[in-house]
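Peer 1: One letter stands for each residue in the lines below.
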Amino acid sequence: MSTTTPLLQISGLTKAYPGVVANDDVSFDIGAGQIHALLGENGAGKSTLVKMIYGLVKPDRGDMRLRGNAYAPVQPSDARKSGIAMVFQHFSLFDALDVAENVALGMENPPPLRDLATRIRDVSEAYGLPLDPSRLVGELSAGERQRVEIIRCLLQDPKLLIMDEPTSVLTPQEVDILFRTLRKLSEEGTAILYISHKLEEIRSLCSEATILRGGQKVATCDPREKSARALAELMVGQLLTPPERAARATGDVVLQVDGLSLKSNNPFGTSLKDINFALRAGEVLGIAGVAGNGQDELLLVLSGELASPSDRVRLLGQPVGHLGPNGRRGLGLVAAPEERLGHAAAPDMSLTENAYLSGAGRKELVKNGFIDWGKSRDFAESVIARFDVRTPGPHVVARALSGGNLQKFVIGREIEQAPAVIIVNQPTWGVDASAAATIRQALLDLAAQGAGVVVISQDLDELLEVADSFAALNEGRLSAPRPARGLTVDQIGLMMGGAHDLHAPEGADA
Amino acid sequence: MIQLEKRLAPSKRAQYLNPFLAVALTMVAGGLMFAVLGKDPLAAIRLIFFDPIFSEQFGSYSRPQLLIKSAPLILIAVGLAIGFRAGIWNIGAEGQYIIGALCGAGVALAFYPMEGWFIFPLMVVAGALGGFLWAMIPAILKTRFNTNEILVSLLLVYVAEKLLAGMALGLLRNPDVAGFPGSRDLRRYESAHNADLIANTGMHWGVVAAMIAVILAYVMMTRHSLGYQVRLAGQAPRAARFAGVSPTRLVVVCFGIAGVLAGLAGMFEVSGPSGQVRIDFASGYGFTAIIVAFLGRLNPIGIVLAGLLLGLTYIGGELSQMMLQLPGAAIQVFQGMLLFFLLALDFQTNYRLKLTKGARA
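Which chain is which? The protein sequence lines are G and L, in order.
Sequential numbering from 1 applies to the first sequence in the numbering used here.
Sequential numbering from 1 applies to the second sequence in the numbering used here.
Calculated from the structure, these hints are not laboratory results.
Heads up, some of the hints might be wrong.
[As the list claims (entries may be wrong)] Label-pair restraints from in silico Cβ distances:
1) L/Arg144 / G/Arg135: 17 to 23 Å
2) L/Arg144 / G/Glu125: 51 to 57 Å
3) L/Arg352 / G/Asp63: 49 to 55 Å
4) L/Gln3 / G/Asp63: 27 to 33 Å
5) G/Ser92 / L/Arg352: 25 to 31 Å
6) G/Ala70 / L/Leu343: 25 to 31 Å
7) L/Leu17 / G/Asn69: 55 to 61 Å
8) L/Leu17 / G/Leu105: 25 to 31 Å
9) L/Leu353 / G/Arg135: 48 to 54 Å
10) L/Lys6 / G/Val74: 33 to 39 Å
Just so we're clear, the structure is a prediction, and the values are computed from it rather than from any experiment.
Glycine included, every Cβ here is placed at the ideal spot set by N, Cα and C.
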């Protein structure tokens, strides 16, 4: 094994964009027939790396060797000619054309359609990917569309197949079929570069994994020999030992979620499956998880932007699942979504107008449908003053604020409404350290005053700093919340990796 | 290769300057067009933009015409602008205008020859309701079946035109005059006549309605929560959902307002300046109002100015047909150029053209 030349050698690849180094001196090898995982959080640099391999992005430094020869693709067709194919996360297919026509459109030299249909049938049978070449793509499921893309690649007889998050759109059954196909391809000598952040998938499929964090390679290892915890730890950075914290006295249940499931209406979203938790007054519940495991959906369904059967979500004992955001705000539940510009705040509106955005009802900024702009400005000013938002005044548009200042404004706007329950997603994402500290302290203060707080975050340090109880989202499932106190790093890793069966602490020790 | 790059901070001044630049550019390009047609460009421009108001010869006729032409444009554009601000594209105001006229005229003709104070108010209600209901077709299809409102509202214009022709030739045809298409002349039916409020000024009820609509729209957009929701949905749709704005409700409300105003415009037109339901009743106000709305920066006050300007081009177009034998289509080209230059300037304000050498950077 060690004497043969690897299929693709990547050495020192570096790519910088203005303000961010997407890849910093990344090197690793992919052997022929190997299923190699590329693992990392969103923004770790996986996409940039594969775009360089596929000729979509030109590296600033570093080089690649394919079967020992220099390889520097200028455009994707160079990569395809060299035997490298890629299945993108977002498909590029025409709904109004049939499968064979779509396949022909993506080929360099397509054969006549009739021959192509035969070949599609042959390949689809050979690899266990059932697909009828004469069907219209518009009628196919997401899994079948992916098969069209895969077969299009396979017809080119690739030596390396790059797959970007292929299972994010598949049902469990389709995942099984896909994995069988990929293993068969691997046996026949086709290498696969498999991009994902789903740890269990990678452990069952891949024989080697390269882990990226912040654009740098952290490790190359055999994922089957590592636990999900160890992989998660590598992905998100060194876990700190949880700080000892005094358990706060908590009161009655303020927010109760029972058996909440939600089918995502976005094909690339994550469906929520049977979410259960109870949040008490004065409690901070931290929800961890790698991005894309249902965080956005959970916030939307709790804030009221997405509806659910009314009794699935209870606020202060009252069923609220059917209520919209304003109905829930009226009863005392407020939320701050992850995306500051465009979701939590309107970029081109002034801070006064943005204060009105969510504060209209609870701060009584509107009377008989007419807006009290004076009162709205006072509200904006009070948020600016209390949360130390650095801005010339409430007339400034939201987009003119720095990330940290806008985040302080957005979270402050919700806290100033004195809610009974507040849900925040990524409250300190992209925020400087001092603003982050302000925001965390404000959330803790709110809890001390008796509000229930849900913090959804990918930052484990943050969660361990603020949370009383701790749960993790994994592929749309929420682990049972446990007291954050005394939680070991091992247990957190297992919760994030999706090992839901280990609820009892003594089970983990055994 | 040419690349487009979004400007980080589009100039606010250009926002207000662009309409004036567009008018100037239209005059230059229009002048060129007239020159190619073998007419004196300066005389043509003068005839279109200045003579309708300042000429001693035509002024007495065309000055009242200015209000008559501008009122429906402003009335329709105010309604359209609210939807456009929310990102809801009602392109079918022409159809709503026609149906409003048919409903208003229908009520009047149903009462003919009875006289009564209540007939005109009933016509107003019927016109508004007709436009509203016609606008509800694309609105409900969009909210229920997620159809494209641009296509549905536009295509319904042609349905409305067929309906208009059918009515002019059939149900609403004047039974007293055999062989001629078209309804009775409402101007000769006192209870239904939308007469000048002050004689020979062109100041009819439609002008009053347009002024009221402008004021109400201005108040709504700046002070009322509905106007805030419209602006929020147009600027940041996700933030609008976070603020609890229902997209469905907004589509219905925006189409409803535009439909009511377009229907009123049609009703005031058919009962006044036009007088009759005729096959050629629809004169494109519903489409020109789209230009008015954008030229007026979707702002009620701006729309008044833009409406007066486009009203002027209608009258000037008629004058230039008469005096210079310019083809009637020339004035439509002229209006089209105005929108074209405005959109080009706006695009230029928001984007920067970047020339890059070679195929790839």
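Peer 1: Looking back at the hints listed earlier, which ones does the structure fail to meet?
Peer 2: As far as the earlier hints go, 1, 2, 3, 6, 8, 9 and 10 are violated by this structure, in ascending order.
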